[in-house]
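With the hints as your guide, set chain B onto chain A.
One line per chain: the protein sequences are A and B, in this order.
1 is the number of the first residue of the first sequence in the numbering used here; add one for each residue after it.
1001 is the number of the first residue of the second sequence in the numbering used here; add one for each residue after it.
Bear in mind the hints are in silico, worked out from the structure with no lab data behind them.
Take the hints with a grain of salt, since some may be wrong.
Said to hold, decoys possible - No farther apart than 35 angstroms at their CA atoms in a straight line, the calculated lysine-lysine pairs in the DSBU-like style are these: (1) B:Lys1136 with A:Lys23; (2) B:Lys1016 with A:Lys5; (3) B:Lys1096 with B:Lys1005; (4) B:Lys1036 with A:Lys36; (5) B:Lys1136 with A:Lys36; (6) A:Lys87 with B:Lys1005; (7) B:Lys1005 with A:Lys23; (8) B:Lys1023 with A:Lys125.
To be verified - Pair ranges (Cβ atoms, derived): (9) B:Asp1034 with A:Asp180: 34 to 44 angstroms; (10) B:Ser1097 with A:Lys36: 32 to 42 angstroms; (11) B:Thr1145 with A:Glu192: 27 to 37 angstroms; (12) B:Asn1143 with A:Lys36: 25 to 35 angstroms; (13) A:Met175 with B:Leu1158: 53 to 63 angstroms; (14) B:Leu1173 with A:Met191: 51 to 61 angstroms.
Claimed, not checked - Residues on chain B that point at chain A, a partial pick, calculated with CB under 7 angstroms: (15) Pro1004; (16) Asp1009; (17) Leu1017; (18) Pro1018; (19) Arg1027; (20) Tyr1028; (21) Ile1032; (22) Asp1034; (23) Leu1044; (24) Ser1046; (25) Met1047; (26) Glu1048; (27) Ala1050; (28) Tyr1100.
If you're wondering where the values come from, they're calculated on a predicted model, not measured in any experiment.
Ideal Cβ positions, reconstructed from N, Cα and C, are used throughout, including at glycine.
Each chain, letter by letter, is given below.
There are 2 protein chains.
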Amino acid sequence: MEYPKVFEDLINSFRKLPGVGAKTAERYAYQILDLKEEQVALFLESMEKAYHTLRPCSVCGNLTDQDRCMICEDSKRDTSLICVVTKAKDIIAIEKSGTYHGVYHVLDGEISTTKGILPENIRIKELLERITPDVKELILATNPTVDGETTALYIGKLLQNHDVIVTRLAHGLPMGGHLDYADELTLIKAMEGRKKI
Amino acid sequence: MEYPKVFEDLINSFRKLPGVGAKTAERYAYQILDLKEEQVALFLESMEKAYHTLRPCSVCGNLTDQDRCMICEDSKRDTSLICVVTKAKDIIAIEKSGTYHGVYHVLDGEISTTKGILPENIRIKELLERITPDVKELILATNPTVDGETTALYIGKLLQNHDVIVTRLAHGLPMGGHLDYADELTLIKAMEGRKKI
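Isolated chain A (complex conformation) (with noise of 0.2 angstroms):
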């Protein structure tokens, strides 16, 4: 015996979803069935409508429903600071530290010689366009990786002759957590960018 079909075609789209295996998504399906009608509802009009009407943000490639991104649509916003970023869920990191004020630049994607992912695979060639001179800094939050410091230096590079201010967020220990728990790599850039007090 089998599950009905359209309960095996409900556990296999769940499969679809990153980390999630047969046991996994048989418990997920099994759940829709215990779900309220109205809740149900929403999760299929919402999947439906966020997989048709979001897009990349036309100038920074944050995700939108409009031509252009809430940040990139706010005046208040200092466009002479761009930040820019791997994916366009680290903008959502970045504002919640509420510290940023300035606007964004999605690269999507970051240069990596593992994965095959050049330069040109990238939105870099967007950000160069961006970068007039009104632009007073760049702020490079790739990852702290090798795939995210390889782009942030070859960024780096492209500018060294312009007169964009180039900066990278610092590294160090994170708050909240025990030195003995940090490793080595995190360790010697928190004694490199050592402060004093």
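Quick look at chain B alone, frame taken from chain A:
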């Protein structure tokens, strides 16, 4: 800045799934945007259809899109043998083993003093109604847990004056495991149930 509302709705919908927190729901929602058009269409269609067409089999409580499930409809099944399980998904597990050719009865829960689930809250009454003189054996395949054992003992007591034979799945060491990984209770059960070779 927050996500567009439709994306927030999608994230919140994923959070309704068991064990899915904010970060995971966000990852799932982003993955939906990366799926192919036909994959999203199948996801939406199967979720909608599964929710609206699947129901418990009118005889055994198994998941079906008909009035009676595939097993109850199968004339080759031995209806003198009823295997009693906690949840519909347990049927799939037993079916995969390929050793059982009787029919099933889904209790849809287990008696639980801690969760306040009483015998009348699960499908015990429906089970008793199915025990006609044609039924020879009832295999109690509830979980090997406190609640599962309680439920099995309760049903066993109810039927002690009936002609039907009531059996319980064997407890012991799981196949393919190592002895030193087995817990104490499993080892006690394995020792008690030892057989001459």
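Comparing the hints with the structure gives:
no., hint, in the structure
1, B:Lys1136 with A:Lys23, "holds, 34 angstroms"
2, B:Lys1016 with A:Lys5, "holds, 23 angstroms"
3, B:Lys1096 with B:Lys1005, "violated, 43 angstroms"
4, B:Lys1036 with A:Lys36, "holds, 28 angstroms"
5, B:Lys1136 with A:Lys36, "violated, 40 angstroms"
6, A:Lys87 with B:Lys1005, "holds, 19 angstroms"
7, B:Lys1005 with A:Lys23, "holds, 31 angstroms"
8, B:Lys1023 with A:Lys125, "holds, 31 angstroms"
9, B:Asp1034 with A:Asp180: 34 to 44 angstroms, "holds, 38 angstroms"
10, B:Ser1097 with A:Lys36: 32 to 42 angstroms, "holds, 35 angstroms"
11, B:Thr1145 with A:Glu192: 27 to 37 angstroms, "violated, 54 angstroms"
12, B:Asn1143 with A:Lys36: 25 to 35 angstroms, "holds, 27 angstroms"
13, A:Met175 with B:Leu1158: 53 to 63 angstroms, "holds, 60 angstroms"
14, B:Leu1173 with A:Met191: 51 to 61 angstroms, "holds, 52 angstroms"
15, Pro1004, "holds, 5 angstroms"
16, Asp1009, "holds, 4 angstroms"
17, Leu1017, "holds, 5 angstroms"
18, Pro1018, "holds, 6 angstroms"
19, Arg1027, "holds, 6 angstroms"
20, Tyr1028, "holds, 5 angstroms"
21, Ile1032, "holds, 6 angstroms"
22, Asp1034, "violated, 9 angstroms"
23, Leu1044, "holds, 6 angstroms"
24, Ser1046, "holds, 4 angstroms"
25, Met1047, "holds, 6 angstroms"
26, Glu1048, "holds, 6 angstroms"
27, Ala1050, "holds, 5 angstroms"
28, Tyr1100, "violated, 10 angstroms"
Hints 3, 5, 11, 22, 28 from the earlier list are contradicted by this structure; the remaining hints agree with it.
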